[in-house]
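For the record, the sequence lines run as chains A and B. My numbering puts the first residue of the first sequence at 134, with every later residue one more than the last. My numbering puts the first residue of the second sequence at 168, with every later residue one more than the last.
Hints in this document: simulated from the structure, not taken from any laboratory. Since the structure is predicted, the reported quantities are computational estimates derived from the model, not experimental observations. C-beta atoms are modelled at their ideal positions from N, C-alpha and C, and glycine is treated no differently. Wrong hints could be hidden among the right ones.
As the list claims (entries may be wrong) - Chain B side only, calculated, beta carbon under 10 Å to chain A, not exhaustive: (1) Gly486; (2) Tyr518; (3) Glu539; (4) Phe619; (5) Ala620; (6) Ile624; (7) Leu635; (8) Leu666; (9) Ala667; (10) His668; (11) Gly670; (12) Ala671; (13) Leu746; (14) Ile748.
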Amino acid sequence: MKHLSMAALIIALGFLVADAGAQPADPAYSAAGLYNLANSYARAGKPGMAVLNYERAALLAPTDPDIQANLNFIRSSLHLPQQDEGGFSRVARLVSPKIVAWIGVLGVLAAGTSLLLGKMFPRRRAVWIAGLCLGIAGIGFTVCNAIVLEPRIHEAVVIAAATPIRATPVPMGDPLAQLSEAETVTITAGHEDFVLVRTASGHSGWVARADLADVVPRRSVR
Amino acid sequence: MIAVCIAVSTSAVADAPLAYQTIQPSKIVMGESAILRVTSLDSELQNVRLPEVSGLAFEVLGHTRQMEFINGTASESSSIVIRVTPQIAGIFSIPGLTPKSQPLILEVNTDRNSGNLPLTLNGKAPSPPPAPTPKTGNAAGIHFVADGSAFVQLKMPKRAVYVGESVPVDIEVGVRPGVVTSLNGLPTIKGGDFTLNNLSRQPERQEQILDGKPFLTMTWHSVLAAVKPGDFSLTVDTPITVKISSRPSEDEAFANLLGGPFLQNFYSSIVPKEVTVTSQPSDLHVLALPANGRPADFSGAVGAFKVSSDVSAVQMTAGDPVTLRMHVSGAGNFDRVDSPMLDRIDHWKTYPPKSSFSSTDPIGYKGEKTFEQPLIAAQTGEQTIPGLSFSYFDPETRRYQRAQTEPIKVTIDASRADNSLKEPSGPANPVTRLAGRTGVGLRPDHVLAQNFAASLIPLYLQPRFLALPATLALLLAAGLLVLQRAPRRVASKATERALAHLGAVARSGDSSTFFVTARQLLLQAFSERWRMPLEKITAAELDTRLGNDAEDIGRLFALADEAKYSGRAADGADVAQWLQIVSRQLIQETSI
């Protein structure tokens, strides 16, 4: 009994610490704020910054239909390819990542507690097995969501018009092609003031870091 | 009009057997054809591979054989006759059809009045047309070859020059049309202490009358550079082919009197001969560059230069590359004009510069060299790009000079990405440019909620949050480990609690409750020990599993039944005895 009390105390402290980590700090993001900002950029004729903020808003509120609608509208206006998500991605992003995170924590708690109580009170085995399955399901859902969202951390949006994509990471490097403003690329490496990107069509090359903006701001990436 | 056939030879072999090709006429107009004749004097010519020249069509007309008697010796030659028909106008170079024959030049004009076309190869890059009327000149000071058919002149400044300095020179080659049949190579300077750079490919052509004889004069402009100091005497060699007569003059006159193509051919004594024309020596005094006062950044540039600098933009965003340019213009040896530009400056990222040269004359003596260096600002605000310097040696003043550009002020704005969370600058335009394209428009703004996140990274990927499930998992794993290692202790504690409860009942004197409770405890203990439901524990099962103790336990169960249904109670001595029996069974169960 004493151990259980201690464990409950530690868990409560953990929740407090984790919740403090999720408290607003500077800068603080909100899906609505980012969405409104993206609308402002779109109205000002800055599609790169608009798509960037829509993408950021979609990270916080993946199920918001307005964000997806405006994002698709901007992309179709610029004749950019739409990002088609598979069924796995859609299911994994049914709820916001914050809720998914807590589902994962509860899953760990449910699974572990079920195992523990099953050892202590083996007669109610069915109840503990159900709890264990529930916990594993919660953990699995969180892991799937992480697999879907993790690549987004390395994505960036082109915020300058006619951005050259070069063969070498120097300003005078031979340009291979041009990236359209508002195009989304994946950053795979960096060198000084340049990053190696891969486009949706599979092409790779070096782009000046100043011409891109990370979907997840770099100072947030620890 | 002068019909001269000039063959340009890239490799003249002095002792090669005589095999030559001629073209007649060497200048035609569109719609006409020329006859290309390949002649071999030492072997019979079989078929030759027709050349491929863009704009010319070749057709073999036939083979001919000739026999000549020179000084009583019979000489046989064979020829292939080829018709050359132009498809476009221009000047064409026809390569040698045999390894021993020289290339030829065919000039094709659009019409008769178009005059001489400049000497270009295969219709490319025509140079300025020659003077329309021949110039009359004085042959004094010109050094002719022995028969007066050609001359070469080297024209250069009389002053002393410096090592590495580019000295513009003119090389003039004059030939007698009809006497000189081909020019077998470009003029070359004699001696290894000089380099002759940028010899213009297309010479200026001019018709001149020298001492009453017509000459075609070709002038090449070039740049000469000395590689070491000293006094030198320079000459220029030019290989040519001339027609010479191998018979005495009286025989030649007799052959002319004979008339008729056969007899003229029989007595023909004109044969081609390769000779080298050499210019008169020109003296040149070469000085070494002074060691005193030589700047550390001097790269060997000698001449008269001016410098200026600019940037591609004076206002930019942090992270955007800006190109700093330095322009070095003037006259001199631009191949030695070099600058490291800016190596390292605070708050800027510098990249290696690259240079390009734009010449304003054909020989690269005058022009402008531009150095371009990309820079990337690392700090916002007003920045100053320092001035650039360039050192060179001026041969006029005979001193090293240092040219300096002015510093350039630029303004660096914050990065667009850093401003991504700020409202767009400028007045908000309700009529959107993007929305206007389709007419559908954007969905309206949302009401701001008080729901903020510190980071866009999903919570479950933030290390601080990940500490929570990790701690939970560790705690639960530790609990499982404790349970795995100490199951007896847990059981013994439960047993202690059960016996304490049973003892309390016994002490209260309620024997009926005691027996009922004791039976319940034992059944639970047996159920867990034997892993079977309570209802399946029968008397037979007790006999089988408990052995000698089965009788006592059966008696206790009977007393419990009796107490439950009849209310009969045993005395206190009985309760104490039964408490020991129960305790023994439960402790035995725990120790298993």
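Is the shortest C-beta separation between Leu746/B and chain A less than 10 Å?
26 Å, violated
Quick check on Tyr518/B please, does its C-beta sit within 10 Å of some C-beta on chain A?
Because about 6 Å separates Tyr518/B from the closest Cβ in chain A, which is inside the 10 Å limit, the hint holds.
Hint check: is the beta carbon of Phe619/B less than 10 Å from a beta carbon of chain A?
Check passed: Cβ of Phe619/B comes within 4 Å of chain A, closer than 10 Å.
With 10 Å as the cut and Cβ atoms as the points, is Gly486/B at the interface with chain A?
Since chain A brings a Cβ to about 3 Å from Gly486/B, closer than 10 Å, the hint holds.
For the hint on Gly670/B, does the least C-beta distance to chain A fall short of 10 Å?
With Cβ-Cβ at 22 Å, over 10 Å, it is violated.
Once the shortest beta carbon distance from Ala671/B to chain A is found, is it less than 10 Å?
20 Å, violated
Next item in the hint list is Ile624/B. Is there a CB on chain A closer than 10 Å to its CB?
6 Å, holds
Taking 10 Å as the limit, does the beta-carbon of Leu666/B come near enough to a beta-carbon in chain A?
Violated - the Cβ of Leu666/B stays beyond 10 Å from chain A, reaching only about 19 Å at its closest.
The hint names Leu635/B as touching chain A; please verify it with the least Cβ-Cβ distance against 10 Å.
Nearest chain A Cβ about 4 Å off; hint holds.
Satisfaction of the Ala620/B interface hint, Cβ to chain A closer than 10 Å:
Since the shortest Cβ distance to chain A is 5 Å, the answer is holds.
Agreement of hint Glu539/B with chain A interface, Cβ distance less than 10 Å:
Status holds, d = 8 Å.
If you take the shortest Cβ to Cβ gap from Ile748/B to chain A, is it below 10 Å?
Violated, because the Cβ-Cβ distance from Ile748/B to chain A comes to roughly 26 Å (cut-off 10 Å).
When the structure is compared with the earlier hints, violations turn up for hints 8, 9, 10, 11, 12, 13, 14 and for no others.
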